[in-house]
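A.B. asks: Here's the letter readout for the chains.
There are 2 protein chains.
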Amino acid sequence: MVVDLGGAASFLAAHDNYIIICHEHPDGDTLGSGYGLCRILRAMGKKANVRCRNEIPKKFGSLTVEDQAFEEQTVVAVDIAAPSLMGVGVCEQYENKVDLCLDHHASNKDFARFSLVDPTAAAVAEIIVALAHELNVTITKEIADCLFTGLTTDTGCFRYANVTARTHRLAAELIDCGADAEGINLLQFETKTKTYAALERLALESMEYFFDDRCAVITITKEMFAQSGSNESECDGIASLPRQVEGVMVGVTIRQRSDGSYKASVRTRNPVDASLICTGLGGGGHKNAAGCQLGSDLAQAKAALLAAIGEQL
Amino acid sequence: MVVDLGGAASFLAAHDNYIIICHEHPDGDTLGSGYGLCRILRAMGKKANVRCRNEIPKKFGSLTVEDQAFEEQTVVAVDIAAPSLMGVGVCEQYENKVDLCLDHHASNKDFARFSLVDPTAAAVAEIIVALAHELNVTITKEIADCLFTGLTTDTGCFRYANVTARTHRLAAELIDCGADAEGINLLQFETKTKTYAALERLALESMEYFFDDRCAVITITKEMFAQSGSNESECDGIASLPRQVEGVMVGVTIRQRSDGSYKASVRTRNPVDASLICTGLGGGGHKNAAGCQLGSDLAQAKAALLAAIGEQL
Numbered sequence: 118m119v120v121d122l123g124g125a126a127s128f129l130a131a132h133d134n135y136i137i138i139c140h141e142h143p144d145g146d147t148l149g150s151g152y153g154l155c156r157i158l159r160a161m162g163k164k165a166n167v168r169c170r171n172e173i174p175k176k177f178g179s180l181t182v183e184d185q186a187f188e189e190q191t192v193v194a195v196d197i198a199a200p201s202l203m204g205v206g207v208c209e210q211y212e213n214k215v216d217l218c219l220d221h222h223a224s225n226k227d228f229a230r231f232s233l234v235d236p237t238a239a240a241v242a243e244i245i246v247a248l249a250h251e252l253n254v255t256i257t258k259e260i261a262d263c264l265f266t267g268l269t270t271d272t273g274c275f276r277y278a279n280v281t282a283r284t285h286r287l288a289a290e291l292i293d294c295g296a297d298a299e300g301i302n303l304l305q306f307e308t309k310t311k312t313y314a315a316l317e318r319l320a321l322e323s324m325e326y327f328f329d330d331r332c333a334v335i336t337i338t339k340e341m342f343a344q345s346g347s348n349e350s351e352c353d354g355i356a357s358l359p360r361q362v363e364g365v366m367v368g369v370t371i372r373q374r375s376d377g378s379y380k381a382s383v384r385t386r387n388p389v390d391a392s393l394i395c396t397g398l399g400g401g402g403h404k405n406a407a408g409c410q411l412g413s414d415l416a417q418a419k420a421a422l423l424a425a426i427g428e429q430l
Numbered sequence: 118m119v120v121d122l123g124g125a126a127s128f129l130a131a132h133d134n135y136i137i138i139c140h141e142h143p144d145g146d147t148l149g150s151g152y153g154l155c156r157i158l159r160a161m162g163k164k165a166n167v168r169c170r171n172e173i174p175k176k177f178g179s180l181t182v183e184d185q186a187f188e189e190q191t192v193v194a195v196d197i198a199a200p201s202l203m204g205v206g207v208c209e210q211y212e213n214k215v216d217l218c219l220d221h222h223a224s225n226k227d228f229a230r231f232s233l234v235d236p237t238a239a240a241v242a243e244i245i246v247a248l249a250h251e252l253n254v255t256i257t258k259e260i261a262d263c264l265f266t267g268l269t270t271d272t273g274c275f276r277y278a279n280v281t282a283r284t285h286r287l288a289a290e291l292i293d294c295g296a297d298a299e300g301i302n303l304l305q306f307e308t309k310t311k312t313y314a315a316l317e318r319l320a321l322e323s324m325e326y327f328f329d330d331r332c333a334v335i336t337i338t339k340e341m342f343a344q345s346g347s348n349e350s351e352c353d354g355i356a357s358l359p360r361q362v363e364g365v366m367v368g369v370t371i372r373q374r375s376d377g378s379y380k381a382s383v384r385t386r387n388p389v390d391a392s393l394i395c396t397g398l399g400g401g402g403h404k405n406a407a408g409c410q411l412g413s414d415l416a417q418a419k420a421a422l423l424a425a426i427g428e429q430l
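Protein chains in written order, with my numbering: chain A, 118 to 430; chain B, 118 to 430.
Only chain A is shown next, with the shape it has when bound in the complex (with noise of 0.2 Å):
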């Protein structure tokens, strides 16, 4: 059942023994807004831990709190847009106990008690400030940091379309709370680890131009993994790398799974349509971003996947 922020805040004002549920492979807004959510019921007297189904990443680290210890009564979820996505485990256990979700997707599943859901909200860490507003919790600077972080992450700095006037504004607020921006900005968006320097030198290496330079293709490979040392796991950020180059249209980024087989991240600028390249190659995603899955053979890969581009452009 859906319900605006005063029904949301209600609910949380009425309740206690929270557990709070982040997405699997968490990033910055699920964490970030799962344990600002979590301090701010702890603020308010209550009883509350987060769950999340991996390891918290070492850049996420200081956003956590200690486990309390009490019998969990109710469960949120945040930035949770279909059950599956709490990952194994996690969601065989609460998929259908899952009393108030707040998420910012507008392909929300509906699948909570209660839902509140705010498509216009750039990161989920907006409805927690809201939220914060709502129950007359004073955001402390240990709270301003998990939001900000939410704030950030989810918009690349404040980068992407999904950035409004509002989303600048709760950042002036988090940063008059005490939120150290310049702190959390270097550490999530200037920081690379070694290994994820060493494959992205090796990524640009790959480069090729295609289409008149308006197509540029990154193709990693399970060779480059080995010997850069990295992993699938820290490889998105060479997804935009294609992209960039001043005159291309569609950057790719071909990269080999653990199973041998590829997958294909595409960006686009407009008017080129991400979504059209991939649906036809049984993909999808969104106007300017979007993937598929591709076989085991890279030269037909990349064949079947620049006769799709070439059609677009």
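Do not take every clue at face value.
In this list, chains with the same sequence are indistinguishable; a pair is considered to hold if it fits within one copy or across any two.
When the alpha-carbon atoms are kept at most 20 Å apart in a straight line, the in silico EDC-like pairs for lysine to aspartate or glutamate are as follows [stated by the list, open to error]: (1) Lys309 - Glu322; (2) Lys311 - Glu322; (3) Lys311 - Glu325; (4) Lys311 - Asp330; (5) Lys311 - Asp235; (6) Lys404 - Glu209; (7) Lys176 - Asp144; (8) Lys404 - Glu259; (9) Lys380 - Glu290; (10) Lys309 - Glu325; (11) Lys309 - Glu212; (12) Lys175 - Asp330; (13) Lys176 - Asp216; (14) Lys226 - Asp216; (15) Lys164 - Glu363; (16) Lys380 - Asp293; (17) Lys163 - Glu251; (18) Lys163 - Asp353; (19) Lys163 - Glu189; (20) Lys311 - Glu363; (21) Lys404 - Glu299; (22) Lys380 - Asp329; (23) Lys404 - Asp297; (24) Lys176 - Glu363; (25) Lys163 - Glu183; (26) Lys404 - Glu307; (27) Lys226 - Asp414.
No wet-lab data here; the hints were simulated from the structure.
For clarity, every value in this text was computed on a predicted model and none was experimentally measured.
Guided by the hints, dock chain B onto chain A, whose structure is given.
C.D. replies: What follows is chain B alone, placed relative to chain A:
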């Protein structure tokens, strides 16, 4: 003579036939603030042109306005801390004729008849927004695009230490006025020339690590400029790359100038002080970003730099 915001606004309201000077090798703030102010003055019914010693880089082309014909009476310098920064030719013509200087450098030489200098402003664009309010000029979409460009470029897209809550509030206001934040950020931060992309790749290939990987050094030679087709004018972004690697406290970019000599850009993470490294070598700068000139012998230059870095690590 120092003036406050009201004083600068009164000055602008009282005069006419403006020439607005931007600094040489212009960046987004001097141009965005210059053309933003030009549009504001024209909206007030005054005549105004912008002057810059260099050609306007293509990525700032949309900020410009056509020149008007009139006899220059009033000279305003924007984002210029000292007359020499106007560049050869412009400096000789105007250094003793600047009526009003609008700047945010604490080092401003107070060389103009009147100076409004706010070192707490992340960009001069912040000062121009305040002036527009003071002058009761409506910020149009075109003015907002100019000022948002200044704000975002001088803060590395809201990433640097100079960003305050006010910076974000002004960004929100400019978006409300119609600024195309997404398009501007895409153009300024997600677009590299093909020659720059090629240079970046060669630069990353040159990266060496020292002091247990706490120092990373990129070396760019004249041959690399030639091989990539790039040049010194577009390589500023590379200076941030070595420090991005996790664990690197000192990131160095050494680049060869056309005369064969080398210069170093040093970026540090706290607590390492970049200016201490560079002042010992005759250079200078800030705590986390400094630079120095080196001789024409690369091996010797590197050795001297590494010795200075070793002392700080």
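A.B. asks: Determine for every hint whether it applies to the structure shown.
C.D. replies: Against the structure, the hints come out as follows:
1. Proximity of Lys309 and Glu322 under a CA criterion of 20 Å is satisfied in both settings, with 18 Å inside one chain copy and 16 Å between copies.
2. When the C-alpha separation of Lys311 and Glu322 is checked against a cutoff of 20 Å, the pair qualifies both within a copy, at 17 Å, and between copies, at 13 Å.
3. For the identical chains of this complex, Lys311 and Glu325 are inter-copy neighbours only, at 12 Å across copies versus 24 Å inside a copy, given an alpha-carbon limit of 20 Å.
4. When the C-alpha separation of Lys311 and Asp330 is checked against a cutoff of 20 Å, the pair qualifies only between copies, where the shortest distance is 9 Å, while the shortest distance within a copy is 30 Å.
5. Proximity of Lys311 and Asp235 under a CA criterion of 20 Å is satisfied in neither setting, with 37 Å inside one chain copy and 39 Å between copies.
6. Proximity of Lys404 to Glu209 under the C-alpha cut-off of 20 Å is found in neither arrangement, the shortest distances being 33 Å within a copy and 52 Å between copies.
7. In the homo-oligomer, the alpha carbons of Lys176 and Asp144 lie at most 20 Å apart inside one protomer (10 Å), although the nearest pairing across protomers, at 32 Å, exceeds that limit.
8. Taking the shortest alpha-carbon separations for Lys404 and Glu259, neither the intra-copy value of 36 Å nor the inter-copy value of 26 Å comes in at or below 20 Å.
9. Taking CA atoms no more than 20 Å apart as the test, Lys380 paired with Glu290 passes in neither setting, with 40 Å inside one copy and 41 Å between copies.
10. In the homo-oligomer, the alpha carbons of Lys309 and Glu325 lie at most 20 Å apart only across protomers (16 Å), although the nearest pairing inside one protomer, at 24 Å, exceeds that limit.
11. In this homomeric assembly, Lys309 and Glu212 never come within 20 Å of each other (Cα to Cα): the closest approach is 35 Å inside a single copy and 45 Å across copies.
12. Taking the shortest alpha-carbon separations for Lys175 and Asp330, only the inter-copy value of 19 Å comes in at or below 20 Å, while the best intra-copy value is 38 Å.
13. Taking the shortest Cα distances, Lys176 and Asp216 never come within 20 Å of each other, neither inside one copy (30 Å) nor across copies (50 Å).
14. For the identical chains of this complex, Lys226 and Asp216 are intra-copy neighbours only, at 14 Å inside a copy versus 62 Å across copies, given an alpha-carbon limit of 20 Å.
15. When the C-alpha separation of Lys164 and Glu363 is checked against a cutoff of 20 Å, the pair qualifies neither within a copy, at 52 Å, nor between copies, at 36 Å.
16. With identical chains, the CA atoms of Lys380 and Asp293 are never at most 20 Å apart, being 43 Å at best within one copy and 39 Å at best between copies.
17. Taking the shortest Cα distances, Lys163 and Glu251 sit within 20 Å of each other inside one copy (16 Å), while across copies they are farther apart (48 Å).
18. Within a single copy, Lys163 and Asp353 get their C-alpha atoms no closer than 37 Å, and across copies no closer than 51 Å, so neither meets the 20 Å cut-off.
19. Taking the shortest Cα distances, Lys163 and Glu189 sit within 20 Å of each other inside one copy (12 Å), while across copies they are farther apart (68 Å).
20. In the homo-oligomer, the alpha carbons of Lys311 and Glu363 lie at most 20 Å apart only across protomers (6 Å), although the nearest pairing inside one protomer, at 27 Å, exceeds that limit.
21. For the identical chains of this complex, Lys404 and Glu299 are inter-copy neighbours only, at 14 Å across copies versus 31 Å inside a copy, given an alpha-carbon limit of 20 Å.
22. Proximity of Lys380 and Asp329 under a CA criterion of 20 Å is satisfied in neither setting, with 24 Å inside one chain copy and 36 Å between copies.
23. For a Cα distance limit of 20 Å, the shortest separation of Lys404 from Asp297 across copies, 18 Å, qualifies, whereas the shortest one inside one copy, 33 Å, does not.
24. Taking the shortest Cα distances, Lys176 and Glu363 sit within 20 Å of each other only across copies (11 Å), while inside one copy they are farther apart (31 Å).
25. Taking the shortest Cα distances, Lys163 and Glu183 sit within 20 Å of each other inside one copy (14 Å), while across copies they are farther apart (63 Å).
26. Taking CA atoms no more than 20 Å apart as the test, Lys404 paired with Glu307 passes between copies only; the shortest distance there is 17 Å, against 27 Å inside one copy.
27. Within a single copy, Lys226 and Asp414 get their C-alpha atoms no closer than 35 Å, and across copies no closer than 65 Å, so neither meets the 20 Å cut-off.
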